[in-house]
Structure formats: C-alpha cells, structure tokens
Amino acid sequence: MGKITNEELLNSLNAKFEGLFTVVGEPFGLLTIDTTRDHIIDVLTFLKTDAALQFIYLTDITAIHYPEQEKQIGVIYHLHSLVNNVRIRIKVFLVDGDLHIPTATTIWNGANWMERETYDFFGVIFDGHPDLRRILNVDDMTAFPMRREFPLEDPNRVDKKDYFFGR
Amino acid sequence: MSDIQIVGAPAGVEGAGFFATSLDKAVGLARANSLWPLPFATSCCGIEFMATMASHYDLSRFGAERLSFSPRQADLLMVMGTIAKKMGPVLRQVYLQMAEPRWVMAVGACASSGGIFDTYSVLQGIDEIIPVDVYVPGCPPRPEAIIDGFMNIQELVKTESLRRRNTPEYQKLLASYGIQ
Amino acid sequence: MQNHPVFTDNDPQNELSTLNLGPTHPATHGVFQNVLQLDGERIVSGVSTIGYIHRAFEKIAEHRPFYQITPLTDRLNYCSSPINNMGWHMTVEKLLGIQTPKRVDYLRIIVMELARIADHIVCNGVLGVDTGAFTGFLYMMEYRESIYEIYEEVCGSRLTTNIGRIGGFERNFNTKAFDKLRKFLKDFPKTLKEFESLFNRNRIFIDRTKDVAAVTAEEALSYSWSGPLLRAAGIDYDVRAMNPYSSYDEFDFEVPVGSNGDVYNRFLVRNEEMWQSLRLIEQALAKLEKEPSDIFHADVPEFYLPPKEEVYNNMEALIYHFKIVMGEIATPVTEVYHSVEGANGELGFYLVNDGGRSPYRLHFRRPSFINYQMYAPMSRGMLLSDAIINMSSLNVIAGELDA
Numbered sequence: 004m005g006k007i008t009n010e011e012l013l014n015s016l017n018a019k020f021e022g023l024f025t026v027v028g029e030p031f032g033l034l035t036i037d038t039t040r041d042h043i044i045d046v047l048t049f050l051k052t053d054a055a056l057q058f059i060y061l062t063d064i065t066a067i068h069y070p071e072q073e074k075q076i077g078v079i080y081h082l083h084s085l086v087n088n089v090r091i092r093i094k095v096f097l098v099d100g101d102l103h104i105p106t107a108t109t110i111w112n113g114a115n116w117m118e119r120e121t122y123d124f125f126g127v128i129f130d131g132h133p134d135l136r137r138i139l140n141v142d143d144m145t146a147f148p149m150r151r152e153f154p155l156e157d158p159n160r161v162d163k164k165d166y167f168f169g170r
Numbered sequence: 498m499s500d501i502q503i504v505g506a507p508a509g510v511e512g513a514g515f516f517a518t519s520l521d522k523a524v525g526l527a528r529a530n531s532l533w534p535l536p537f538a539t540s541c542c543g544i545e546f547m548a549t550m551a552s553h554y555d556l557s558r559f560g561a562e563r564l565s566f567s568p569r570q571a572d573l574l575m576v577m578g579t580i581a582k583k584m585g586p587v588l589r590q591v592y593l594q595m596a597e598p599r600w601v602m603a604v605g606a607c608a609s610s611g612g613i614f615d616t617y618s619v620l621q622g623i624d625e626i627i628p629v630d631v632y633v634p635g636c637p638p639r640p641e642a643i644i645d646g647f648m649n650i651q652e653l654v655k656t657e658s659l660r661r662r663n664t665p666e667y668q669k670l671l672a673s674y675g676i677q
Numbered sequence: 185m186q187n188h189p190v191f192t193d194n195d196p197q198n199e200l201s202t203l204n205l206g207p208t209h210p211a212t213h214g215v216f217q218n219v220l221q222l223d224g225e226r227i228v229s230g231v232s233t234i235g236y237i238h239r240a241f242e243k244i245a246e247h248r249p250f251y252q253i254t255p256l257t258d259r260l261n262y263c264s265s266p267i268n269n270m271g272w273h274m275t276v277e278k279l280l281g282i283q284t285p286k287r288v289d290y291l292r293i294i295v296m297e298l299a300r301i302a303d304h305i306v307c308n309g310v311l312g313v314d315t316g317a318f319t320g321f322l323y324m325m326e327y328r329e330s331i332y333e334i335y336e337e338v339c340g341s342r343l344t345t346n347i348g349r350i351g352g353f354e355r356n357f358n359t360k361a362f363d364k365l366r367k368f369l370k371d372f373p374k375t376l377k378e379f380e381s382l383f384n385r386n387r388i389f390i391d392r393t394k395d396v397a398a399v400t401a402e403e404a405l406s407y408s409w410s411g412p413l414l415r416a417a418g419i420d421y422d423v424r425a426m427n428p429y430s431s432y433d434e435f436d437f438e439v440p441v442g443s444n445g446d447v448y449n450r451f452l453v454r455n456e457e458m459w460q461s462l463r464l465i466e467q468a469l470a471k472l473e474k475e476p477s478d479i480f481h482a483d484v485p486e487f488y489l490p491p492k493e494e495v496y497n498n499m500e501a502l503i504y505h506f507k508i509v510m511g512e513i514a515t516p517v518t519e520v521y522h523s524v525e526g527a528n529g530e531l532g533f534y535l536v537n538d539g540g541r542s543p544y545r546l547h548f549r550r551p552s553f554i555n556y557q558m559y560a561p562m563s564r565g566m567l568l569s570d571a572i573i574n575m576s577s578l579n580v581i582a583g584e585l586d587a
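Protein chains in written order, with our numbering: chain A, 4 to 170; chain B, 498 to 677; chain C, 185 to 587.
It should be emphasised that the hints constitute simulated quantities derived from the structure, not laboratory data.
Not everything, but these chain B residues come out facing chain A in the computed CB check (under 8 Å): (1) 582; (2) 583; (3) 615; (4) 616; (5) 617; (6) 618; (7) 621.
With a cut-off of at most 27 Å between alpha-carbon atoms, the simulated DSSO-like pairs for lysine-lysine come out as follows: (8) 278(C) with 474(C); (9) 94(A) with 278(C); (10) 655(B) with 669(B); (11) 6(A) with 278(C); (12) 163(A) with 669(B); (13) 394(C) with 377(C); (14) 364(C) with 377(C).
Here's a subset of chain A near chain C, in silico, CB distances under 10 Å, partners left out: (15) 28; (16) 83; (17) 85; (18) 116; (19) 138; (20) 141; (21) 149; (22) 153; (23) 155.
A virtual CB, placed ideally from N, CA and C, is assigned to each residue, including glycine.
My request is simple: use the sequences and hints to build the entire structure.
So, in structure tokens, the structure goes:
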C-alpha cells in the first residue's frame with residue numbers, strides 16, 4: 004500500500020481529534036471517516052500540515068444526497084498524501100434546511116471550483132467562499148439538479164410521445 | 498491530359514467564345530464550390546471534423562479550404578456537437594450574424610436531436626432555435642458521412658433559386674423561429 | 185445573456201477594454217468563455233465561464249446499468265476515450281472484486297497508451313497551430329488516423345470507442361489489429377522525431393513558449409493540478425507509478441518531469457510521454473507473446489455477457505444473459521474510488537453503489553475541470569498572446585470540463 008498504514012493514520016487522527024470523528028470503514032483500503040462541520044476545517048488543516056502525514060493534495064470535493072436519512076446531504080472530501088502514498092475520505096453530513104459548511108479554499112486554492120460545482124448540483128453553501136455561484140448549469144436555474152427528486156429529462160418537452168417510450 | 502477533375506459546366510448553350518446559361522445555375526455553381534464553412538465545433542463531432550479537414554479526408558477538395566470563425570464571412574454554419582441550453586443563445590446570435598444566403602448543417606446526433614443526452618440541460622436538436630438544411634446522423638459521424646452531408650449542401654446550393662431568400666415561404670420559415 | 189461580474193469597480197475612468205474570448209472562438213479548443221479585461225495587450229483580470237456543454241453525465245449515470253455507462257465515459261475526454269472506458273471498467277471490477285487475467289491487462293495497456301499518444305498528438309499539434317505552425321499538426325494527424333484504424337479493428341469505432349467490457353474485451357484482437365499496431369510502432373517514431381525537430385530548437389517556438397505561464401510546484405499542488413501539467417512543474421506524480429493498475433507495475437517506464445512548469449516544459453513533457461508510451465506498447469507486445477492467445481476476458485459469467493451461440497443453446501448462459509441485462513445480479517453495497525492516469529491528469533471515478541442495477545451516485549473527478557480553474561488567476565498580468573498559448577497548453581477538453 005503506502006508508507007503509512009491506515010492504522011497509523013487513524014492513531015494520528017485519534018491523538019488530536021479523539022471523539023470528534025467516527026470511522027465509517029475502509030472500503031477497498033481507503034480509510035473513510037465521518038466528522039461534523041464544526042471540526043472539518045481543523046481536520047483538513049491538520050491532515051495537510053502535519054509533518055508525518057502531509058496530505059497536501061486535495062483530490063476532490065463532491066456531495067451525495069440520501070433523501071430518507073435524517074442528515075440528507077453529505078459533503079465528501081478525498082485527500083491524497085503523495086509522499087506517503089495514502090488516501091483518505093472524509094464525509095460531513097448536513098441537514099437539508101441548514102446546508103452550511105466552512106469553505107476549504109483557505110487551505111487549498113483548488114477547492115474553489117470543486118465547491119462551486121457542489122453548490123451548483125446540491126445547494127451546499129460554503130461559508131467564506133470568495134465567489135459561490137453556479138458553474139455548470141444556467142445561471143438562472145433555481146433547483147439543484149443532482150438531488151434525487153430532480154428529474155433527469157426536461158419536463159417541458161412537447162414532442163416526446165410516451166407511447167413510443169413505453170410509458 | 499491531367500486526371501484532375503474539374504467541376505462540370507451547367508446546362509447551357511456553347512459557342513465560339515461564349516457560353517450562355519441562366520444566372521441561377523452559374524451563381525449556384527460558383528457558390529457550391531466555394532462554400533466557406535464556420536465550424537461551430539463543441540464536442541466529439543468537432544474532433545471528427547478535424548480529421549475531415551486533415552490530409553486523409555481533406556474537405557478542402559470541395560472548396561471549403563478557408564474556414565471562417567467569423568460569422569460575417571461564412572456561408573455554411575456547421576454545428577458539430579452537443580448544444581446545451583446555455584449555449585443556445587450563443588448559437589442563435591452566431592446564426593443571426595451570418596449574411597444571406599446562409600446554410601446550416603447539423604452534424605451528429607446531438608445537434609440533430611439531442612443525441613443520447615435526453616437531459617434537462619441539453620437542447621434536443623438545434624432545429625428548436627435555428628432552421629437546419631442538412632442533418633448528418635452519427636455519433637460521431639465518420640468523416641465520409643460529414644463529406645456526404647457537405648455534398649448534399651452543395652446540391653442544395655447549386656439548385657437554389659436566386660430569389661429564394663426573399664420569398665414569403667422563407668420569410669415565414671424564419672418568422673416561425675422568431676427571426677426577422 | 186450570461187451574467188458575469190462587471191468590471192467597472194476597478195476601472196472608474198473606463199480606460200481598460202473588455203474582450204470576450206469565446207465560447208465560440210478558434211483559440212478555445214472547446215466551448216468555454218473567458219471575459220478578459222485588457223490594458224492594451226496586457227490582461228488585468230479575467231473571469232472564466234464554463235458549462236456550455238454540460239450534459240449531466242452524473243445524473244444520467246444514476247439511471248443506467250453499469251455496462252451502459254461506458255458510452256457516457258467515452259464522451260468525457262473524447263480525444264482519448266479508451267482511457268476513460270478502461271478506467272470505468274476497472275472501477276466496476278474493483279467494486280465487484282473481479283480479477284482480470286494478465287493478457288487482458290496487457291491489451292488494456294496497449295489500448296490506453298495508444299489513446300494517450302492520440303491525445304498528445306492533438307494537444308501538441310494544436311499548440312503548434314496556435315503559434316502559427318500548421319505543418320507539424322498535419323504530419324501528426326496522419327498517425328492519429330492510424331490509431332483510429334487500430335481502434336476500428338478492435339471495437340469498430342474511431343473516436344468514441346466504447347472499448348472493452350466489465351472483465352475484459354468484447355472480442356479478441358485479430359491479427360490485422362496486431363499488424364496495424366506493429367506498422368504504427370515502426371512508422372510513428374520517425375514522424376515524432378520529425379515533429380520534435382520542427383519545434384524543440386525552433387527559435388520562434390522557443391520565444392513563444394519559454395518562460396510563458398511558469399508555475400511553481402507549490403502553486404500547482406494547491407490548485408490540485410495533475411498529469412503533464414503538474415509533472416512539468418516538477419512533481420513526479422503519475423497514477424500509473426504511484427497506484428499501479430492493470431499490471432503497470434510489471435512494466436519499465438519513466439515519468440518525465442519538467443522544471444519550471446512553463447508552456448515549453450509542458451510541450452516537452454508531453455512529447456517525452458509519447459516516447460514512453462511507445463516503449464510501454466512494445467513491452468506489452470513482447471509480454472503478450474508469452475500469454476495464451478485466446479483469453480480476452482475474465483471468467484465472470486455473472487457480469488460478462490456470454491456469446492450468443494451459447495445463449496441460444498445453453499440454459500445457464502441464457503439465464504446469465506437474462507440476469508445481466510435485466511440487472512438481477514446483486515452487487516456489493518459500498519463505495520469505491522478508483523483513478524487512472526488520463527491524458528490530462530488523474531481521472532477518478534467515485535462510485536457509490538446501492539446494490540441495484542445502476543449506481544446510486546457516480547462522480548467523475550475530471551482533470552480538465554480542476555486544471556482549468558487556475559487559468560483566470562494565472563493569466564493576470566500576461567500578454568494576450570501568451571494567454572492563448574497557455575490555454576492551448578492546458579489541453580482543456582470541453583467534454584471533460586463540463587461533463
């Protein structure tokens with residue numbers, strides 16, 4: 004795997020943030036932890052700046068929507084430590100009415116567009132983001148398309164006959 | 498005798514030092530063999546267009562040597578690739594800036610009808626916003642198919658009447674798209 | 185039309201001019217827009233707008249079974265679609281715990297390296313065109329046609345290939361494919377050398393590209409750059425070397441690294457990667473000789489469609505065919521992240537599965553999208569012509585930018 008095992012990584016995290024995060028699992032060898040939005044910036048900063056861990060590379064920020072859960076929208080960070088060749092996945096779940104989370108642009112510049120994309124698709128508001136507006140969809144769109152209830156196809160089409168599509 | 502083929506002369510009366518034909522045919526011949534395309538390449542079909550313009554398939558044999566990215570100087574708008582709803586107004590503005598006579602070729606399944614992307618963000622065919630003359634199906638169409646579409650455009654150009662753009666039918670067509 | 189920030193607040197006397205670069209512009213190789221504020225020839229600030237070809241891949245993927253998502257991945261980075269296809273198949277294989285035989289891995293490496301060469305041909309050729317040199321581009325496009333012919337022998341299609349299936353390939357490579365491949369390996373190095381001789385020590389090209397858009401390694405890492413761009417800045421991060429997939433660890437190749445991240449370095453890194461890809465293909469061909477030549481997929485009847493003769497004659501094959509197509513086969517309820525080295529950088533697939541036929545959530549980590557966000561900050565203070573060359577060297581593919 005890498006020069007640091009998941010167990011050592013977990014020990015380092017526990018040493019600083021004991022009780023502030025939970026371990027979701029290690030699917031396919033990738034340590035996945037779950038924390039809250041109050042601690043996410045501290046966790047990310049620690050992972051980036053710690054001399055032994057050095058998770059200097061932010062691979063991706065995205066989100067996921069589970070409509071039947073209590074905390075419906077989860078923001079998911081993937082980090083990568085190039086020196087130690089180990090990755091980690093951090094999830095933060097938020098309640099739908101209160102989708103605020105502090106921005107990671109203070110830690111990595113690359114989080115800028117990743118967070119804009121997450122806002123565009125899920126409606127997650129990143130507090131402190133310099134320019135949080137839609138990036139891929141049209142600017143005057145009001146809904147957040149990647150949520151589960153948003154339909155895939157354009158509902159305003161008039162030329163599609165349901166009979167031919169088996170509906 | 499060289500084996501380079503040149504375009505055949507239209508039907509007309511030939512004599513010593515003169516050739517009489519109708520203006521429509523002469524102008525149509527000139528236009529068809531010197532179309533200046535505007536490659537409105539958005540996605541994968543644009544790469545097949547690059548292959549068509551390269552030396553293997555060579556679209557410039559048909560007179561389309563000079564690509565124009567300025568709509569004011571182009572005859573043929575080749576829309577190649579998916580047009581999203583965000584891009585729709587841009588495409589319409591480019592079309593409006595072209596001077597008559599102008600032709601539109603929709604290359605690929607996405608430009609013709611939305612293609613495999615039946616989603617909220619993709620325009621289901623550019624003929625929702627601009628009138629189209631030739632549709633080239635394929636995903637992406639082979640360069641031979643693009644050339645076939647181009648040859649169909651040439652047929653349309655060659656046989657078009659000089660008055661077509663001023664006829665009430667054409668004005669009605671443009672009005673149905675909201676274009677004056 | 186589209187609303188973008190208006191620039192009047194830093195220009196009260198209205199002395200600066202605003203230039204709209206795109207979305208339809210020959211310099212932007214794809215549809216994305218940059219509104220630049222210029223002081224003469226120098227860019228004062230810029231705003232990028234993308235999304236002009238947003239096709240909602242991630243939303244479509246939630247409605248399609250795994251094997252129907254492959255044509256979607258084709259259209260991400262359409263200049264090198266086999267890499268996207270293989271990356272997706274490897275993600276699903278990781279999820280399902282399928283181990284592919286060595287021959288499949290070697291064939292995959294051949295196809296992926298051909299795709300990498302094809303993408304770099306376009307990128308470096310078009311970079312040459314943007315500096316005014318059209319000939320190199322035409323010389324190289326001929327070999328892109330040769331690569332298309334090899335793809336045609338394998339999968340039938342030229343550009344959006346839909347190569348391979350979950351577990352391997354749909355058909356064995358025939359002798360014609362190998363003949364064309366060997367011919368390509370014989371002819372292409374000469375042209376690549378000719379291409380390099382046209383540009384590498386060309387005074388005009390060096391003046392246009394040296395020290396243009398230089399990027400330090402820290403800046404590149406903070407913007408999550410990857411691929412040839414990051415390597416040109418000095419960091420040797422290559423997913424093939426760091427997290428090897430598809431038996432890359434058995435192969436002997438070097439990862440070219442530049443020094444100061446300018447456009448000239450990026451050009452050289454891509455050229456050198458093409459040489460390394462040729463080396464990888466030759467090694468793969470040599471290794472293929474030692475493998476039995478009739479294996480082209482893993483033995484996973486639950487996920488790999490059986491051949492049609494068996495479906496019509498054999499009861500089990502019929503049942504498996506039905507189950508695969510109707511999606512009755514249970515898949516693990518978990519999440520997986522797998523990344524491959526795309527032509528532009530780390531192409532990642534984050535797949536969250538809920539046991540059904542389609543993914544619950546599929547997210548593409550697209551290198552062009554992440555690389556491009558640095559363009560507007562980077563072009564501050566640059567001359568306009570340098571900004572164009574910079575955009576060209578970033579190799580932004582619009583399909584991968586917007587997904």
